[in-house]
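This note's numbering puts the first residue of the sequence shown at 1, with every later residue one more than the last.
Quick caveat, the hints were computed from the structure, so don't treat them as lab data.
No residue lacks a Cβ here, since even glycine has one placed at the ideal position from N, Cα and C.
Do not rely on the hints blindly, as some may be mistaken.
What the hints assert, rightly or not - With a straight-line cut-off of 27 Å between C-alpha atoms, the simulated BS3-like cross-links for lysine-lysine are:
hint : residue 1 : residue 2
1    : 110       : 53
2    : 257       : 272
3    : 198       : 272
4    : 85        : 61
5    : 60        : 134
6    : 237       : 272
7    : 198       : 237
8    : 198       : 257
9    : 110       : 210
10   : 257       : 210
11   : 217       : 273
12   : 85        : 110
Unchecked claim - So the derived label-pair ranges between C-beta atoms look like this:
hint : residue 1 : residue 2 : range
13   : 215       : 122       : 33 to 39 Å
14   : 215       : 237       : 15 to 21 Å
15   : 85        : 39        : 17 to 23 Å
16   : 48        : 203       : 20 to 26 Å
17   : 147       : 85        : 33 to 39 Å
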Amino acid sequence: MQYVIFDLEWNNVYGRKIQGFINEIIEIGAVKLNERLEEVDTFSSFIRPSIGKRLRGSVKKLTNITNDDVQSGEPFTYVFSTLRKWIGSEPTVVLTWGDGDIRVLIENYKYLNGIAYIPFLTDYVDLQPFVQRKLQTPSGQQLGLSRAAEMLGIDADAYSHHRALADSELSAECFRRVFDLEELRSFSRPCGTDFYAKLAFKPHPISNIKNPLIDKKQLTYQCPVCNVNATRRTEWKYSNRFFRAVFECPICHTQTKVSVRFMRMYDHIDVKKTATEYVPQQSE
(Lines of atoms letter the chains of each structure in order from A and count residues from 1; the text may use other names and numbers.)
(Lines give C-alpha, C1' and ligand atoms only; values in the text may rest on other atoms or scores of the structure.)
Protein backbone atom coordinates (compact mmCIF):
# COMPACT_ATOMS: atom_id res chain seq x y z
CA MET A 1 0.00 0.00 0.00
CA GLN A 2 1.18 3.50 -0.83
CA TYR A 3 -0.25 6.98 -0.35
CA VAL A 4 -0.19 9.77 -2.92
CA ILE A 5 -1.03 13.26 -1.69
CA PHE A 6 -1.43 15.83 -4.45
CA ASP A 7 -2.33 19.48 -4.84
CA LEU A 8 -3.32 21.60 -7.83
CA GLU A 9 -3.12 25.25 -8.76
CA TRP A 10 -5.53 26.56 -11.38
CA ASN A 11 -6.59 29.60 -13.36
CA ASN A 12 -10.25 30.51 -13.85
CA VAL A 13 -10.87 30.99 -17.58
CA TYR A 14 -13.73 31.04 -20.06
CA GLY A 15 -14.23 27.74 -21.88
CA ARG A 16 -15.88 28.14 -25.27
CA LYS A 17 -16.79 24.46 -25.41
CA ILE A 18 -19.04 24.78 -22.36
CA GLN A 19 -19.78 28.48 -22.82
CA GLY A 20 -18.91 29.09 -19.21
CA PHE A 21 -16.00 29.41 -16.83
CA ILE A 22 -13.72 26.55 -15.85
CA ASN A 23 -10.78 26.22 -13.45
CA GLU A 24 -7.95 25.21 -15.79
CA ILE A 25 -5.13 23.38 -14.00
CA ILE A 26 -1.74 25.08 -14.37
CA GLU A 27 0.38 23.16 -11.85
CA ILE A 28 0.39 19.85 -10.01
CA GLY A 29 2.52 18.69 -7.12
CA ALA A 30 2.41 15.25 -5.51
CA VAL A 31 4.15 13.32 -2.75
CA LYS A 32 4.37 9.53 -2.64
CA LEU A 33 4.60 7.82 0.76
CA ASN A 34 5.13 4.14 1.51
CA GLU A 35 3.11 2.24 4.11
CA ARG A 36 5.52 3.47 6.81
CA LEU A 37 4.71 7.04 5.69
CA GLU A 38 8.24 7.57 4.45
CA GLU A 39 8.60 9.85 1.43
CA VAL A 40 9.47 7.75 -1.60
CA ASP A 41 9.30 10.36 -4.36
CA THR A 42 7.78 13.66 -5.44
CA PHE A 43 6.19 14.84 -8.67
CA SER A 44 5.93 18.42 -9.87
CA SER A 45 5.01 19.97 -13.18
CA PHE A 46 3.61 23.09 -14.75
CA ILE A 47 0.81 22.48 -17.25
CA ARG A 48 0.70 24.49 -20.44
CA PRO A 49 -2.76 26.09 -20.74
CA SER A 50 -4.90 25.19 -23.73
CA ILE A 51 -8.19 26.82 -22.71
CA GLY A 52 -7.08 30.20 -21.41
CA LYS A 53 -4.16 32.19 -22.79
CA ARG A 54 -3.13 34.38 -19.87
CA LEU A 55 -3.08 33.99 -16.10
CA ARG A 56 -5.34 36.19 -14.05
CA GLY A 57 -3.54 38.84 -12.01
CA SER A 58 -4.98 37.40 -8.80
CA VAL A 59 -3.54 33.96 -9.64
CA LYS A 60 -0.09 35.37 -10.35
CA LYS A 61 -0.17 37.33 -7.10
CA LEU A 62 -1.37 34.37 -5.02
CA THR A 63 0.97 31.73 -6.44
CA ASN A 64 3.90 33.73 -7.89
CA ILE A 65 3.46 31.63 -11.04
CA THR A 66 4.09 33.55 -14.26
CA ASN A 67 2.85 33.16 -17.81
CA ASP A 68 6.38 32.09 -18.79
CA ASP A 69 6.26 29.36 -16.12
CA VAL A 70 3.12 27.75 -17.48
CA GLN A 71 4.22 28.12 -21.10
CA SER A 72 7.30 26.07 -20.17
CA GLY A 73 5.05 23.21 -19.04
CA GLU A 74 3.69 20.20 -20.93
CA PRO A 75 0.08 19.70 -22.11
CA PHE A 76 -2.50 18.39 -19.64
CA THR A 77 -2.80 14.95 -21.23
CA TYR A 78 0.96 14.39 -21.23
CA VAL A 79 1.42 15.52 -17.61
CA PHE A 80 -1.33 13.34 -16.21
CA SER A 81 -0.28 10.35 -18.31
CA THR A 82 3.18 10.79 -16.80
CA LEU A 83 1.67 11.12 -13.32
CA ARG A 84 -0.26 7.89 -13.81
CA LYS A 85 2.96 6.05 -14.70
CA TRP A 86 4.70 7.68 -11.73
CA ILE A 87 2.02 6.35 -9.36
CA GLY A 88 2.50 2.85 -10.75
CA SER A 89 0.46 -0.30 -10.23
CA GLU A 90 0.79 -0.66 -6.45
CA PRO A 91 -2.48 -0.33 -4.48
CA THR A 92 -2.78 3.40 -3.83
CA VAL A 93 -4.84 5.68 -1.64
CA VAL A 94 -4.99 9.19 -3.11
CA LEU A 95 -5.47 12.10 -0.72
CA THR A 96 -6.12 15.82 -1.17
CA TRP A 97 -6.84 18.63 1.28
CA GLY A 98 -10.56 19.10 0.66
CA ASP A 99 -12.28 17.61 -2.38
CA GLY A 100 -11.99 20.79 -4.46
CA ASP A 101 -8.90 19.53 -6.31
CA ILE A 102 -10.67 16.28 -7.19
CA ARG A 103 -13.66 18.20 -8.56
CA VAL A 104 -11.41 20.47 -10.63
CA LEU A 105 -9.44 17.49 -11.95
CA ILE A 106 -12.65 15.74 -13.05
CA GLU A 107 -13.75 18.97 -14.72
CA ASN A 108 -10.44 19.19 -16.64
CA TYR A 109 -10.48 15.52 -17.69
CA LYS A 110 -14.01 15.98 -19.00
CA TYR A 111 -13.20 19.18 -20.91
CA LEU A 112 -9.79 18.20 -22.30
CA ASN A 113 -9.98 14.39 -22.59
CA GLY A 114 -13.70 13.78 -22.92
CA ILE A 115 -13.91 11.45 -19.91
CA ALA A 116 -15.71 12.17 -16.64
CA TYR A 117 -13.47 10.13 -14.35
CA ILE A 118 -9.86 10.08 -13.13
CA PRO A 119 -8.00 7.04 -14.55
CA PHE A 120 -5.52 6.64 -11.68
CA LEU A 121 -8.07 7.03 -8.88
CA THR A 122 -9.22 3.83 -7.14
CA ASP A 123 -9.43 4.81 -3.46
CA TYR A 124 -9.73 8.37 -2.19
CA VAL A 125 -9.54 10.14 1.18
CA ASP A 126 -10.41 13.76 1.80
CA LEU A 127 -7.64 14.68 4.23
CA GLN A 128 -9.38 17.75 5.61
CA PRO A 129 -12.19 16.04 7.62
CA PHE A 130 -9.78 13.23 8.56
CA VAL A 131 -7.42 15.72 10.21
CA GLN A 132 -10.27 17.74 11.68
CA ARG A 133 -11.67 14.68 13.43
CA LYS A 134 -8.29 14.12 15.06
CA LEU A 135 -8.14 17.79 16.07
CA GLN A 136 -11.75 17.59 17.30
CA THR A 137 -12.75 20.81 15.56
CA PRO A 138 -16.47 21.58 15.01
CA SER A 139 -17.90 19.53 12.14
CA GLY A 140 -19.38 22.61 10.46
CA GLN A 141 -16.03 24.40 10.41
CA GLN A 142 -13.75 23.92 7.41
CA LEU A 143 -10.15 24.21 8.53
CA GLY A 144 -7.55 25.60 6.16
CA LEU A 145 -4.33 23.65 5.58
CA SER A 146 -2.04 26.24 7.19
CA ARG A 147 -4.23 26.57 10.28
CA ALA A 148 -4.44 22.80 10.68
CA ALA A 149 -0.65 22.57 10.39
CA GLU A 150 -0.23 25.18 13.12
CA MET A 151 -2.61 23.28 15.41
CA LEU A 152 -0.49 20.17 14.84
CA GLY A 153 2.71 22.01 15.75
CA ILE A 154 4.00 22.27 12.18
CA ASP A 155 5.70 25.45 10.96
CA ALA A 156 3.52 26.21 7.94
CA ASP A 157 5.72 29.18 7.01
CA ALA A 158 8.53 26.75 6.20
CA TYR A 159 6.52 25.78 3.11
CA SER A 160 5.74 27.94 0.06
CA HIS A 161 2.04 28.75 0.30
CA HIS A 162 -0.18 28.16 -2.74
CA ARG A 163 2.40 26.19 -4.67
CA ALA A 164 1.36 22.67 -5.56
CA LEU A 165 4.36 20.63 -4.38
CA ALA A 166 4.84 22.61 -1.16
CA ASP A 167 1.15 22.28 -0.26
CA SER A 168 1.37 18.54 -0.99
CA GLU A 169 4.36 18.22 1.33
CA LEU A 170 2.59 20.19 4.06
CA SER A 171 -0.51 18.00 3.64
CA ALA A 172 1.69 14.91 3.88
CA GLU A 173 3.21 16.13 7.15
CA CYS A 174 -0.27 16.76 8.59
CA PHE A 175 -1.21 13.24 7.47
CA ARG A 176 1.77 11.77 9.33
CA ARG A 177 0.89 13.60 12.53
CA VAL A 178 -2.64 12.20 12.73
CA PHE A 179 -2.23 8.84 10.98
CA ASP A 180 -4.48 6.06 12.24
CA LEU A 181 -4.91 3.16 9.82
CA GLU A 182 -8.22 1.90 11.19
CA GLU A 183 -9.76 5.35 11.18
CA LEU A 184 -8.35 6.05 7.73
CA ARG A 185 -10.22 3.04 6.38
CA SER A 186 -13.50 4.56 7.55
CA PHE A 187 -12.70 7.69 5.50
CA SER A 188 -11.54 5.86 2.38
CA ARG A 189 -14.00 5.94 -0.52
CA PRO A 190 -13.85 3.50 -3.45
CA CYS A 191 -13.95 5.51 -6.66
CA GLY A 192 -16.75 3.83 -8.56
CA THR A 193 -19.93 5.17 -10.14
CA ASP A 194 -21.42 6.26 -6.81
CA PHE A 195 -18.29 8.28 -5.96
CA TYR A 196 -18.57 10.38 -9.12
CA ALA A 197 -22.35 10.73 -8.83
CA LYS A 198 -21.98 12.06 -5.29
CA LEU A 199 -19.34 14.59 -6.36
CA ALA A 200 -21.53 15.76 -9.24
CA PHE A 201 -24.59 16.19 -7.02
CA LYS A 202 -25.29 19.78 -5.96
CA PRO A 203 -26.84 20.07 -2.48
CA HIS A 204 -29.89 22.30 -2.37
CA PRO A 205 -32.44 23.41 0.24
CA ILE A 206 -35.97 22.02 0.20
CA SER A 207 -38.41 24.91 -0.15
CA ASN A 208 -41.75 23.06 -0.31
CA ILE A 209 -43.16 22.25 3.13
CA LYS A 210 -45.15 19.37 1.57
CA ASN A 211 -42.06 17.64 0.18
CA PRO A 212 -42.23 13.96 1.27
CA LEU A 213 -38.51 14.01 2.10
CA ILE A 214 -39.16 16.36 5.02
CA ASP A 215 -39.24 14.67 8.42
CA LYS A 216 -42.47 16.04 9.90
CA LYS A 217 -41.15 15.40 13.42
CA GLN A 218 -38.73 18.26 12.82
CA LEU A 219 -41.73 20.58 12.41
CA THR A 220 -42.69 20.26 16.06
CA TYR A 221 -41.25 21.95 19.13
CA GLN A 222 -41.14 20.93 22.79
CA CYS A 223 -40.89 23.52 25.54
CA PRO A 224 -37.54 22.82 27.28
CA VAL A 225 -38.90 24.08 30.62
CA CYS A 226 -42.26 22.30 30.78
CA ASN A 227 -41.29 19.31 28.58
CA VAL A 228 -44.57 19.45 26.67
CA ASN A 229 -45.25 19.97 22.97
CA ALA A 230 -45.79 23.61 22.14
CA THR A 231 -48.63 24.79 19.91
CA ARG A 232 -47.79 26.36 16.57
CA ARG A 233 -49.32 29.85 16.43
CA THR A 234 -48.32 30.89 12.89
CA GLU A 235 -48.13 29.27 9.49
CA TRP A 236 -44.74 28.07 8.33
CA LYS A 237 -43.05 30.71 6.16
CA TYR A 238 -40.04 29.99 3.96
CA SER A 239 -37.26 32.59 3.98
CA ASN A 240 -33.49 32.41 3.34
CA ARG A 241 -33.50 28.59 3.16
CA PHE A 242 -35.37 28.18 6.46
CA PHE A 243 -38.98 27.40 7.36
CA ARG A 244 -39.99 29.65 10.25
CA ALA A 245 -42.96 29.60 12.64
CA VAL A 246 -43.86 30.77 16.15
CA PHE A 247 -44.78 28.22 18.85
CA GLU A 248 -46.33 28.78 22.28
CA CYS A 249 -46.09 26.55 25.33
CA PRO A 250 -49.60 25.71 26.66
CA ILE A 251 -48.33 25.79 30.26
CA CYS A 252 -45.85 28.68 30.64
CA HIS A 253 -47.07 30.50 27.51
CA THR A 254 -43.54 31.27 26.39
CA GLN A 255 -43.43 31.99 22.67
CA THR A 256 -40.54 30.66 20.61
CA LYS A 257 -39.53 31.28 17.01
CA VAL A 258 -38.48 27.99 15.44
CA SER A 259 -36.40 27.86 12.25
CA VAL A 260 -35.75 24.63 10.35
CA ARG A 261 -33.61 24.09 7.24
CA PHE A 262 -33.77 20.88 5.19
CA MET A 263 -30.78 20.53 2.86
CA ARG A 264 -30.99 17.79 0.22
CA MET A 265 -27.65 16.02 0.09
CA TYR A 266 -26.75 13.15 -2.26
CA ASP A 267 -27.61 10.38 0.19
CA HIS A 268 -29.40 12.09 3.07
CA ILE A 269 -31.28 15.17 4.26
CA ASP A 270 -29.24 17.50 6.43
CA VAL A 271 -31.39 19.23 9.06
CA LYS A 272 -30.52 22.39 10.96
CA LYS A 273 -32.95 23.57 13.62
CA THR A 274 -32.79 26.63 15.87
CA ALA A 275 -35.12 28.07 18.48
CA THR A 276 -35.10 31.61 19.90
CA GLU A 277 -37.44 33.38 22.27
CA TYR A 278 -40.09 35.34 20.38
CA VAL A 279 -41.20 38.71 21.69
CA PRO A 280 -44.29 40.05 19.86
CA GLN A 281 -43.91 43.60 18.62
CA GLN A 282 -45.99 46.05 20.60
CA SER A 283 -48.32 48.18 18.51
CA GLU A 284 -48.06 51.90 19.22
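Original post:
Among the hints numbered above, which are violated by the structure, and what are their numbers in rising order?
Top reply: Violated hints: 4, 5, 7, 8, 9 and 16; rest satisfied.
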